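Novice: Taken in order, the sequence shown gives residues 98 to 260; the numbers are from this note's numbering.
To be clear, the hints were calculated from the coordinates, so they are not data collected in a lab. These figures come from a predicted structure and were not determined experimentally. Take every hint as true, because none was put in to throw you off.
Cβ-Cβ distance ranges computed for the label pairs, FRET-style:
no.: 1; residue 1: D220; residue 2: K113; range: 31 to 41 Å
no.: 2; residue 1: D217; residue 2: K113; range: 33 to 43 Å
no.: 3; residue 1: D128; residue 2: D207; range: 25 to 35 Å
no.: 4; residue 1: E157; residue 2: D207; range: 15 to 25 Å
no.: 5; residue 1: S191; residue 2: G236; range: 35 to 45 Å
no.: 6; residue 1: T190; residue 2: Y218; range: 11 to 21 Å
When the alpha-carbon atoms are kept at most 27 Å apart in a straight line, the in silico BS3-like pairs for lysine-lysine are as follows:
no.: 7; residue 1: K114; residue 2: K182
no.: 8; residue 1: K251; residue 2: K114
no.: 9; residue 1: K182; residue 2: K251
Where is the CB? At the ideal position from N, CA and C, for every residue including glycine.
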Amino acid sequence: MEEKTYMPKSESGKAKKWRGSVGGVVDVPIDKVWTIVSKSRRLHEWMPMVERCTDLGGEEGVPGYVRLVSGFMFPQEHGDRSWIKEKLVSMDTSNYRYVYKMEASNVGLDGSVNSLRLVDYGDDSTLIDWSFEIDPVAGASEEYTIDYLAFLYKSCIYRIGRT
Numbered sequence: 098m099e100e101k102t103y104m105p106k107s108e109s110g111k112a113k114k115w116r117g118s119v120g121g122v123v124d125v126p127i128d129k130v131w132t133i134v135s136k137s138r139r140l141h142e143w144m145p146m147v148e149r150c151t152d153l154g155g156e157e158g159v160p161g162y163v164r165l166v167s168g169f170m171f172p173q174e175h176g177d178r179s180w181i182k183e184k185l186v187s188m189d190t191s192n193y194r195y196v197y198k199m200e201a202s203n204v205g206l207d208g209s210v211n212s213l214r215l216v217d218y219g220d221d222s223t224l225i226d227w228s229f230e231i232d233p234v235a236g237a238s239e240e241y242t243i244d245y246l247a248f249l250y251k252s253c254i255y256r257i258g259r260t
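Assemble the whole structure, with the sequences as input and the hints as a guide.
Specialist: Now the structure itself:
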């Protein structure tokens with residue numbers, strides 16, 4: 098008997114996206130948080146699992162900009178590093194938000210979209226809202242994958258609050 102992986106379908110017949118989001122309030126003014134999270138060269142400061150972020154094309158902060166992020170985001174066989182090629186879809190500096198799409202990776206998240214939005218929470222604090230949408234990963238549990246990504250992103254929010 099052949100084993101098949103079931104992928105829920107949407108009304109359009111395409112595989113249903115897996116979605117998740119995390120948020121947290123940090124005691125850091127919104128302008129300072131934005132200065133940290135909007136610069137690729139500072140990614141390692143608030144994403145503890147990232148070792149390197151390399152510019153691949155375009156201008157940072159301008160839609161179309163492409164970067165390569167590598168480190169230990171996701172466990173790999175033989176202790177290899179994870180890598181993700183990301184493309185900036187949109188950047189709205191006046192509203193403190195941006196969207197990246199994962200174009201290629203060795204972690205199975207190609208086509209995933211991550212959105213980061215900041216909200217001034219008053220008293221020099223900031224709400225960080227991080228949402229993500231991924232294509233189903235064959236052989237993986239939706240619940241486990243969403244929980245793992247939420248854990249990673251929540252650790253980033255915590256780290257931002259410690260800056």
